[in-house]
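**Student:** Sequence:
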Amino acid sequence: QDIGVGPLTVGNHAFRMLIDQTNVIVEANESDNIFSRQIAVSPPTPNLTFTPPPNWSGPIVVSTLQNTNTDSINTPPYSTTDILYVDFAIINNGTADITVPFDVRLELDSVVIKTVTVPSLTMGTIYQNPDTNLGSLSRGTHALRMLIDLPNPGAVAEFDPNDNLYIRTFQVLYPIPTI
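Counting in the numbering used here, the sequence shown runs from 376 upward without gaps.
Because the hints were derived from the structure by calculation, they are not lab data.
Hints are not guaranteed to be accurate.
In silico SDA-like links for lysine to any residue, alpha-carbon gap of 25 Å or less [unchecked claim]:
1. 489 with 545
2. 489 with 546
3. 489 with 434
4. 489 with 439
5. 489 with 529
6. 489 with 538
7. 489 with 432
8. 489 with 441
9. 489 with 508
10. 489 with 424
11. 489 with 428
12. 489 with 512
13. 489 with 426
Just so you know, these numbers come straight off a predicted model, no measurement behind them.
Input sequences plus hints: build the corresponding full structure.
**Tutor:** Put into structure tokens, the structure is as follows:
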């Protein structure tokens with residue numbers, strides 16, 4: 376049976392349960408009638424990390440089409456003649472709202488291509504940024520890096536600031552000639 380203890384303050388708490396403390400019941404061992412447990416209650420803390428919203432193919436989506444949130448159907452690899460677009464999404468999956476602005480930075484091959492300042496983010500809320508135009512890219516392997524709340528740690532005191540980097544690599548090839 377559960378016994379409600381009500382809300383607890385932040386800090387360490389000890390619970391102790393005594394059974395038959397006046398020894399009314401005769402037992403072979405009267406010394407095992409105590410159970411104790413220590414718990415620590417932490418303050419509510421936000422946490423920023425990456426998430427694919429419903430119907431997205433990932434937290435970073437690369438596509439040849441605008442207004443879509445899934446990777447292009449017949450790609451990757453992409454072609455040097457394709458215009459590429461990127462969508463990205465983050466979530467506050469912590470236990471507190473974020474009430475201060477923080478930055479999300481998107482890099483392509485270690486070059487900053489976009490910085491977005493998010494003014495606030497309530498817990499459980501997903502922030503989405505659609506259709507950043509990457510243009511046409513050269514042949515080779517490319518890396519998109521998304522960094523949240525820089526410098527790390529940044530403006531937001533998070534539960535886990537180590538989950539603020541996401542890297543997505545993809546290939547760009549020469550177009551297949553039509554014969």
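**Student:** Hint compliance check: list the failing hint numbers for this structure, sorted ascending.
**Tutor:** Those not satisfied: there are none.
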